[in-house]
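Asker: In case you want the letters, here they are:
Number of protein chains: 2
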Amino acid sequence: MLEQASDIALSKAALSKDKINFYVGGDLINQIISSTFAARTMGAPYLGVFGACSTSMESLALAALLVSTGAARYAIAGTSSHNCTAEKQFRYPTEYGSQKPPTAQYTVTGAGAAVVAAEGDGPRITSATIGRIMDLGLKDPFDMGSAMAPAAVDTIQAHLQETGRDPGYYDMIVTGDLASVGHPIAADLLKRHGVPIAETQFNDCGLLVFDLAKQAVQAGGSGCACSATVAYGHLLKRIAKGGAEAAARRGDGRAALAAVLSAGREHSLHRACRIHRTLIDPKEDFRCNICGHFWSAGRSASSASCCSTLPS
Amino acid sequence: MLEQASDIALSKAALSKDKINFYVGGDLINQIISSTFAARTMGAPYLGVFGACSTSMESLALAALLVSTGAARYAIAGTSSHNCTAEKQFRYPTEYGSQKPPTAQYTVTGAGAAVVAAEGDGPRITSATIGRIMDLGLKDPFDMGSAMAPAAVDTIQAHLQETGRDPGYYDMIVTGDLASVGHPIAADLLKRHGVPIAETQFNDCGLLVFDLAKQAVQAGGSGCACSATVAYGHLLKRIAKGGAEAAARRGDGRAALAAVLSAGREHSLHRACRIHRTLIDPKEDFRCNICGHFWSAGRSASSASCCSTLPS
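Those protein sequences? They're chains R and C, same order as listed. Counted the way our numbering counts, the first sequence spans residues 1 to 312. Counted the way our numbering counts, the second sequence spans residues 1 to 312.
It should be emphasised that the hints constitute simulated quantities derived from the structure, not laboratory data. Misleading hints may appear alongside valid ones.
[Stated by the list, open to error] Computed list of lysine-lysine pairs in BS3-like fashion (alpha-carbon distance at most 27 Å, straight line): (1) LYS139(R) with LYS88(R); (2) LYS17(C) with LYS214(C); (3) LYS88(C) with LYS88(R); (4) LYS88(C) with LYS214(C); (5) LYS88(C) with LYS100(C); (6) LYS139(C) with LYS88(R); (7) LYS88(C) with LYS139(R); (8) LYS214(R) with LYS12(R); (9) LYS237(R) with LYS17(R).
For reference, chain R alone in the conformation it holds in the complex (with noise of 0.2 Å):
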């Protein structure tokens, strides 16, 4: 699934495999063997990371950091998980049967991949604030959602705090997998916590990846994939669209949707909890360090069209 989603994105991007300057990845199984074997598929470089759910984001922020420095001109983000294997390693295997309570999350099976590139016409990565471990002692391992609350609320306010900004200068803040559980906490921490989270709309992938009415998945999804196939899948698309919308009204080809990441996920065995976000932004200048070309935004996250194809 990662090897698929690899070359799909590099198929998105018109880039040859050898083009990659660097495959950062990670995954949900034991020593990110699946991550492992996509960086041999594709030959590249390659740095492993582990942050649980919060992976793609942690992926795509060491991408951007590469990418921004000059080290690469080309860097893969790539992350996976599996429903089977994850219960298999970290809760009971499948033909069990164990029963759940409806506190608990199911891990997403799919797998996403960026390109993130030093110039192109996709949206683009201004900044990313890193999430610290939160544990405030909650043991449930079938209740993520509440132990990963504080700490996806502890990164919102550091990412509002270190920008000066307010939730409303986003069209979206995305949390990575609180479902609905971990989701209402959030939401109630950020009010209590005086911050004006109603100006924008407030989600998380792991209510947006399934239909909770319809699937038995309990309390929503969770996983390294979760953040990943609702990021680089429906969320790019719906910042695709925002973009062609507001290009129709104001005339040009730039994308006006903002979306706030936020990935995390508890190590609900250990009570240790953590959680990182990245934003994909485009209402930021820059200068890119490559050609030296003047953009209104900061790094593309899936394209890779040469500078001079871009509105200066």
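Given the coordinates of chain R, work out where chain C should sit on it, guided by the hints.
Answerer: Same frame as chain R, but now just chain C:
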């Protein structure tokens, strides 16, 4: 162990925990939970990484990248492994008493941490060459050295080619954990490829960490902590000693020994092989991007003195 190592590194750098902008960590336990616990104690934003035995140098390279871009003023790279947990998770529980062939390696129980700072009087990280996955089809999980040697050779050759250097530029080139089986294979491959490896001291952390004649470690050391303990302990001390000796000769306080640290590990059961390498090298010039001070070398790997105390 990792918390202790991080505390010792902070103490040597005369820093408190709240000064640390990022904790970059990884280890050999599933979901790198040791690193997550250490990051929880540290309270800093956390980037989890996994490169098996190359984890220490991967985390050091990423910490250096964070510092060199100005994203961090201080970052900790921390790594640990434990023999018994590695046996339990990846081989056989030690209670089984299973026998091993002489090609097997002994996972090092230990931890190492480095404070990477934008200024200081320690050795400087001037470049890092990230390796590719090399899979030559070796399938014996008790012979990691043979599987890893081609990846080590590939990365060393890539580094020398990219920097236009000969092995003689370095006082030492040290791989991570090829041990007594993989090390001579790597040396032989380098010779066959026309690399004058005899110009330098070519050694291996897996050979340096144990006394193979006296300790029952089969072919030598391996695991995340192998390169971490040897690099952050033994090799940094040798660099400091070489620096002090050179300083006595030259009349200043700068280190003169340069070392290439290379760490590799094969995912033995999956036949994938990876390698990373980071340089600690005081020979090149740079300008500090925090204070603007011009130095005759790269980034500090271990200290936090004010720029103004350094020779210009």
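Asker: Next, verify each hint and record whether it holds.
Answerer: Hint check:
Taking the CA atoms of LYS139(R) and LYS88(R), the gap is about 20 Å. The hint holds against a cut of 27 Å. For the hint pairing LYS17(C) with LYS214(C), the CA-to-CA distance comes to about 40 Å; that exceeds 27 Å, so the pair is violated. For the suggested pair LYS88(C) and LYS88(R), the alpha carbons sit about 17 Å apart, so the restraint of at most 27 Å is met. A hinted pair counts as satisfied when its Cα atoms are at most 27 Å apart, and LYS88(C) with LYS214(C) qualifies at roughly 25 Å.
Between LYS88(C) and LYS100(C) the alpha-carbon distance is near 15 Å, which keeps this suggested pair within the 27 Å criterion. Our distance criterion of 27 Å between C-alpha atoms is met by LYS139(C) and LYS88(R), whose separation comes to about 24 Å. A C-alpha spacing of about 24 Å is found between LYS88(C) and LYS139(R), which places the hinted pair at or below 27 Å, so the restraint holds. A C-alpha spacing of about 32 Å is found between LYS214(R) and LYS12(R), which places the hinted pair above 27 Å, so the restraint is violated.
Distance check on the hinted pair: LYS237(R) and LYS17(R) sit about 24 Å apart at the alpha-carbon level, within 27 Å; holds.
When held up to the earlier numbered hints, the structure conflicts with 2 and 8 and fits the remainder.
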